[in-house]
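Engineer: Throw the hints in and build the complete structure from the sequences for me.
Line order of the protein sequences matches chains X and S.
Start counting the first sequence at 877; every next residue gets the next number (the working numbering).
Start counting the second sequence at 988; every next residue gets the next number (the working numbering).
Hints are computed from structural coordinates only; laboratory data are not their basis.
The C-beta atom is built at its ideal place from N, Cα and C for all residues, glycine as well.
A hint or two may mislead.
Said to hold, decoys possible - Some, not all, of what chain X presents toward chain S, calculated at C-beta under 7 angstroms:
1) 922
2) 925
3) 980
Stated by the list, open to error - Ranges of calculated distance between the beta carbons of each label pair, as one might list FRET restraints:
4) S/994 / X/892: 36 to 42 angstroms
5) S/1052 / X/933: 40 to 46 angstroms
6) X/892 / S/1070: 41 to 47 angstroms
7) X/988 / S/1054: 45 to 51 angstroms
As the list claims (entries may be wrong) - With a cut-off of at most 25 angstroms between alpha-carbon atoms, the simulated BS3-like pairs for lysine-lysine come out as follows:
8) S/1040 / X/878
9) S/1040 / S/1057
10) S/1044 / S/1057
11) X/918 / S/998
12) X/932 / X/946
13) S/1044 / S/998
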Amino acid sequence: QKEVEQDPGPLSVPEGAIVSLNCTYSNSAFQYFMWYRQYSRKGPELLMYTYSSGNKEDGRFTAQVDKSSKYISLFIRDSQPSDSATYLCASSPLSGGQNFVFGPGTRLSVLP
Amino acid sequence: DAGITQSPRHKVTETGTPVTLRCHQTENHRYMYWYRQDPGHGLRLIHYSYGVKDTDKGEVSDGYSVSRSKTEDFLLTLESATSSQTSVYFCAISGPTSDNEQFFGPGTRLTVL
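Structural biologist: Below, the structure written as structure tokens:
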């Protein structure tokens, strides 16, 4: 079992829809959580960084962590075609980039 | 791209040849990382550096070596390239305010024939 799992998609939604992207993790010690967006043939771009449980909001993006179920979510409101990308989640038990475990990513397509 | 460049951006090489990839940053960040990205596997850490001449292994370090002689440069060397090392390689940096916030370069697409 991989430590961080994501449905690879592709997930297709119409423009304006609310998108829900999800990850599950197996290590109960994970307490740092990240979401990255990666456009085709580009490097990943940090979207959200959360520590422990709870919600964090940044514009149209909301990250949610439920440690009791080991579930991480990213919600995108009013989705735009420019949101079409692959979304990677990552988790770590310790501080420091060298400790992060990345999921394989979910490919999202927002149709105009 | 947070002041990170990678060179070359594309490379095709033959099995058994040595290959060196370069990562250059203009941010003066302490931590630098090399990852590979393969379909179905996500990003996997190869090696990382926490200062000049200070490096450590990641999850998939076999067949790779690194060097950091200057803060701004982090080199990844494939001593004798194999077809299993065909991948997209990303460099990342983190710091100074948080070691958890990584910023990635544009990637190098390597094909080993």
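Engineer: Hint numbers the structure violates, sorted upward?
Structural biologist: 8
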